[in-house]
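Make the full structure from the sequences, and use the hints.
For the sequence shown, counting from 1, position 623 maps to 623 in this note's numbering; every step adds exactly one.
Note that these hints are calculated values from the structure, not bench results. Heads up, none of these hints are tricks.
Subject to a maximum C-alpha distance of 20 angstroms in a straight line, what follows is the list of computed PhoX-like cross-link-like pairs (lysine-lysine): (1) K227 with K241; (2) K713 with K738; (3) K527 with K429; (4) K218 with K201; (5) K218 with K241; (6) K201 with K241; (7) K345 with K218; (8) K79 with K89; (9) K619 with K556; (10) K326 with K461; (11) K239 with K201; (12) K85 with K97; (13) K227 with K249; (14) K566 with K619; (15) K192 with K226; (16) K239 with K227; (17) K249 with K190; (18) K218 with K249; (19) K226 with K201; (20) K566 with K598; (21) K201 with K249; (22) K241 with K226; (23) K363 with K326; (24) K335 with K239; (25) K599 with K566; (26) K192 with K249; (27) K239 with K218; (28) K227 with K201; (29) K363 with K461; (30) K218 with K335; (31) K226 with K249; (32) K212 with K241; (33) K335 with K461.
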Amino acid sequence: MVDYATRYPDAVALPSIESERVAEALVEMFSRVGVAREILSDRGSNFTSEVMREVDRLLSVKHLTTTPYHPMANGLVEKFNGALKQMLKRMCHERPKDWDRYIAALLFAYREVPQSSLGFSPFEVLYGRHVRGPLSLLKDIWTKKDLDEDTKTTYEYVLSLRNRLEDTCKIAHEELAKSGARYERYYNRKAKDRRLEVNDKVLILLPTSNNKLVMQWKGPFPVTCKKSELDYEVDLGSKRKIFHINMLKRYEERKENPEQTADAWVCGMLTVQEHGDETELPVPCLEKTESYQDINCCPDLSRTQREETIEILREFAFCLTDVPGKTSFAECNLKTTTSVPVNVKQYPLPFATKKIVDEEVDKMLRLGIIERSSSPYNSPVIIVKKPDGSNRLCVDFRRVNDVLLSDSEPIPRADIVLAAVGKKQYFSKFDCVKGYWQIPMTEDSKEKTAFSTSAGHFQFKFMPFGIKTAPAVFARLMQRLFHGLDGVHHYFDDILLATDTWEQHLELLREVLIRLATAGLSIRPAKCYVGFGEINFLGHQLGSGTLSAMPETLEKIRDAPRPETKTQVRSFLGLTGYYRDFIPGYAEIAAPLTELIKKQKSNKVLWEDEHEAAFQELKRRLADPPILRLPDFDLPFILRTDASNRSLRAILLQEHEGVYHPVAYASRKLLPREAAYSTFEREGLALVWGIQRFHIYLYGRHFTVQSDHEPLKYINSSKHLNSRILRWSLLLQEYQFKMEYIRGSENVGADYLSRIDMI
Numbered sequence: 001m002v003d004y005a006t007r008y009p010d011a012v013a014l015p016s017i018e019s020e021r022v023a024e025a026l027v028e029m030f031s032r033v034g035v036a037r038e039i040l041s042d043r044g045s046n047f048t049s050e051v052m053r054e055v056d057r058l059l060s061v062k063h064l065t066t067t068p069y070h071p072m073a074n075g076l077v078e079k080f081n082g083a084l085k086q087m088l089k090r091m092c093h094e095r096p097k098d099w100d101r102y103i104a105a106l107l108f109a110y111r112e113v114p115q116s117s118l119g120f121s122p123f124e125v126l127y128g129r130h131v132r133g134p135l136s137l138l139k140d141i142w143t144k145k146d147l148d149e150d151t152k153t154t155y156e157y158v159l160s161l162r163n164r165l166e167d168t169c170k171i172a173h174e175e176l177a178k179s180g181a182r183y184e185r186y187y188n189r190k191a192k193d194r195r196l197e198v199n200d201k202v203l204i205l206l207p208t209s210n211n212k213l214v215m216q217w218k219g220p221f222p223v224t225c226k227k228s229e230l231d232y233e234v235d236l237g238s239k240r241k242i243f244h245i246n247m248l249k250r251y252e253e254r255k256e257n258p259e260q261t262a263d264a265w266v267c268g269m270l271t272v273q274e275h276g277d278e279t280e281l282p283v284p285c286l287e288k289t290e291s292y293q294d295i296n297c298c299p300d301l302s303r304t305q306r307e308e309t310i311e312i313l314r315e316f317a318f319c320l321t322d323v324p325g326k327t328s329f330a331e332c333n334l335k336t337t338t339s340v341p342v343n344v345k346q347y348p349l350p351f352a353t354k355k356i357v358d359e360e361v362d363k364m365l366r367l368g369i370i371e372r373s374s375s376p377y378n379s380p381v382i383i384v385k386k387p388d389g390s391n392r393l394c395v396d397f398r399r400v401n402d403v404l405l406s407d408s409e410p411i412p413r414a415d416i417v418l419a420a421v422g423k424k425q426y427f428s429k430f431d432c433v434k435g436y437w438q439i440p441m442t443e444d445s446k447e448k449t450a451f452s453t454s455a456g457h458f459q460f461k462f463m464p465f466g467i468k469t470a471p472a473v474f475a476r477l478m479q480r481l482f483h484g485l486d487g488v489h490h491y492f493d494d495i496l497l498a499t500d501t502w503e504q505h506l507e508l509l510r511e512v513l514i515r516l517a518t519a520g521l522s523i524r525p526a527k528c529y530v531g532f533g534e535i536n537f538l539g540h541q542l543g544s545g546t547l548s549a550m551p552e553t554l555e556k557i558r559d560a561p562r563p564e565t566k567t568q569v570r571s572f573l574g575l576t577g578y579y580r581d582f583i584p585g586y587a588e589i590a591a592p593l594t595e596l597i598k599k600q601k602s603n604k605v606l607w608e609d610e611h612e613a614a615f616q617e618l619k620r621r622l623a624d625p626p627i628l629r630l631p632d633f634d635l636p637f638i639l640r641t642d643a644s645n646r647s648l649r650a651i652l653l654q655e656h657e658g659v660y661h662p663v664a665y666a667s668r669k670l671l672p673r674e675a676a677y678s679t680f681e682r683e684g685l686a687l688v689w690g691i692q693r694f695h696i697y698l699y700g701r702h703f704t705v706q707s708d709h710e711p712l713k714y715i716n717s718s719k720h721l722n723s724r725i726l727r728w729s730l731l732l733q734e735y736q737f738k739m740e741y742i743r744g745s746e747n748v749g750a751d752y753l754s755r756i757d758m759i
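Here it is as C-alpha cells:
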C-alpha cells in the first residue's frame with residue numbers, strides 16, 4: 001500500500017491472498033497511518049469480493065479499481081512493488097525462505113529516503129519531523145556526533161511542528177511541480193500540436209468488432225464541435241460522442257486531378273481471382289427468347305400426365321420467360337451506420353476492356369436495371385477473368401458493405417432443405433431469372449449502389465449482386481411467397497417441389513405458379529424441370545429416398561490437377577468439403593491439406609508425400625462415394641460414435657428392411673487440449689459432439705446411441721464424475737436416448753473412421 005499524498009509505503013507478508021487475509025492486512029496498515037478515504041486497486045477477486053465490499057462499507061472507504069489489463073493506472077504501487085522485490089532479492093540471497101523477516105527493516109530504510117518527486121522522505125511528510133532511522137544512525141557513527149536537542153515547552157514544540165509542516169508542504173509542492181515539468185518534457189518529446197476544425201473528417205481509434213483489445217481506425221466521421229483544446233465532438237451517425245485528440249486522426253481525401261493532356265499515360269491491370277459469382281453483373285436478354293415450351297418435362301411421364309403438365313404451364317406462360325420481372329412483394333432498403341458517403345475512386349482498367357464495359361453498361365441501361373446518377377457514392381468496377389478466358393463485369397461493393405447494417409433474416413440451410421424431401425416420389429425445380437434483379441431498390445437506397453465507368457456515373461434501380469444484405473432480402477421474399485405451402489422448399493432462387501402423388505404434384509405446381517405470377521416474378525424455362533422421379537438440386541442427386549453426389553461435379557474433382565498455391569488448395573478443399581457428408585473420416589483424411597492453408601504457411605505450397613496421399617485419397621473416395629438415405633422421420637435414428645487419439649467420428653443411421661443405411665457421416669480433428677483427454681473423456685466428447693452435430697434430427701425424438709466403449713452406458717448414472725463429464729451429462733439430459741454397447745467388430749463405421757491414418 002502507498003499513500004498518494006505522502007508517498008508513505010507499507011507492506012505485510014501474507015501466507016495466502018484470500019479476501020479475509022487481505023482485509024485484515026489493510027486494517028493493520030490503517031491502524032498505523034489512519035483509515036483512507038479512497039482506495040485504488042486492481043480488479044483481482046480478492047479486492048472485488050463481497051468481503052471487501054463489506055469492509056469498505058464499515059470503514060466508509062470509497063473503493064476504486066483500475067481498467068482491465070492496464071496496470072499503469074496504479075503506477076505508484078506497481079513501481080513500489082518492483083523496488084521492494086529488488087530489495088528483498090538482494091537482502092535474502094543467503095536465506096531466501098526467510099524473506100518476510102526483512103520486510104520491516106527494508107520499509108524502515110525506504111521511508112527514510114527522500115522521494116525524487118517530493119524532495120522529502122515519507123517519514124518527514126507524514127510526521128513533520130526527522131525520524132532517526134538507519135541512515136541517521138550511520139551518519140552518527142561516521143561523524144561521531146551526538147548532539148543534544150533543544151529543550152522546548154509543549155506549546156513551542158507544537159508551534160514549531162506546525163511551521164515545519166507548512167514549510168514541508170510548500171517545498172513538496174514546489175518539488176512536485178519541478179518533477180512534473182521534468183516528466184512533461186520527457187513524455188512530450190515527440191508530441192505534436194494537432195488541431196481540428198468543425199466539419200473536418202476524422203478517423204477514430206476504436207476496438208474491433210470481434211476483439212475489444214485490438215484497435216483499428218474507423219471512419220471517416222465529421223467533427224461537429226470543439227469542446228476544448230484537446231476534446232472534439234464527432235458525429236457517429238446514430239449519436240454524437242466526445243473524443244480526445246489522441247483518439248482522432250484527420251482523414252485526408254484524395255484530390256481529383258483536373259483533366260490534362262499528356263504525352264504518356266500510365267495504366268494498370270487489376271486481376272481478380274474468381275471465388276464466386278455474388279458480385280457478377282449477369283446481363284440477361286433484352287427480348288424474350290424462351291417460353292414454356294422450353295421447360296424440361298420428365299420423359300417418363302405418361303401421355304396424360306404430360307398433357308396435364310403442359311396445360312398448367314401454358315396457363316402461366318406470361319411468367320415463364322427469360323426476361324426478369326419486377327416484384328411488388330419486396331424492396332431492398334440499404335441502411336448505413338454513417339451518413340458520410342462511401343466514395344472509392346475507380347481502379348484503372350485496361351484500354352482493351354473498355355468496349356466490354358461499355359457494352360455491358362449499355363445493355364443494363366436498355367433493360368432498365370440501372371440509370372444515370374448524380375450520387376455522392378461510388379464503387380469501383382472491376383474486370384474478372386472467367387474460367388473460359390473471357391471477361392465479365394463486376395462491381396466492388398466491399399467498402400459499401402463495411403458501413404451497411406446487417407439483415408438478420410435467416411438464410412436457408414442446404415442440409416435441412418435436402419433432409420426435408422424424405423421419401424417424396426415426384427420433383428419439380430424452378431429457377432428465377434436473375435432473382436436479385438427482380439427486386440426493386442427503394443429511392444433512398446439507389447444512390448448507395450452507384451458506380452462509374454468511362455461512359456458516366458450510374459446507379460442500380462434493382463437489387464445488385466454483391467450487396468451483403470441481398471441474400472437476406474431475397475430469402476425474406478421467398479419466405480413470404482411460400483408461407484404455409486407444404487412441399488415447397490427453396491434455397492435462394494432455386495425452388496423445389498416435392499410430393500408423394502401425381503395429383504398432389506399438379507395441385508402444388510398450379511399453386512406455386514399462381515403465387516409467382518401474383519408476385520410478378522419470372523421463371524427461366526430452360527432451367528426448369530417438372531415431374532421427375534430423380535432430380536439434381538444443390539449439387540446433389542435426389543430421388544427414391546436416397547441422396548448422392550452429382551456425377552458431373554465428381555468428375556471435375558477426379559480430374560483436378562495437383563494444387564500449387566494456397567488458393568488452389570483452399571478451392572479444392574472447398575469443393576470436396578461440400579460433399580464431406582459422403583466421405584467417411586473426411587476431417588482426418590484432409591488434415592495434411594488443411595495444414596497447408598494456415599496463415600503462417602507460404603503461398604507457394606511445399607508438396608510432400610503426405611499431401612499427395614491425402615489428395616489422391618480424397619479423389620478416390622469421391623470416385624465411388626456411398627449413397628446416403630434421406631432421413632425418414634417415421635423411423636427411429638441410430639447414432640454410432642467413436643474416438644481415436646486424433647479425431648472424432650459419428651454416423652447417423654436408419655434401419656430399412658433389416659439393414660442399417662447411413663443418413664450422414666460426420667468427423668472432426670481433436671484439438672490439442674482434447675487429445676490429452678483420457679479414453680473415457682474422448683469417447684464422451686464423441687458422444688456429445690455427435691448428438692450436437694445431428695441435433696436437428698435427434699432433438700425431441702427417442703433415438704439409440706451405439707458405442708464400442710462400454711463405460712459410456714453409465715455416463716448419466718455414475719455418481720463419481722469429474723466436472724467436465726458432469727457438464728456433458730447435464731447437457732445430454734434434454735435428449736431422449738438409450739445407450740447400447742456393441743462390439744468393435746460391429747462398429748465398423750465410426751471405429752474405422754476414427755483410426756484411419758493417411759500420414
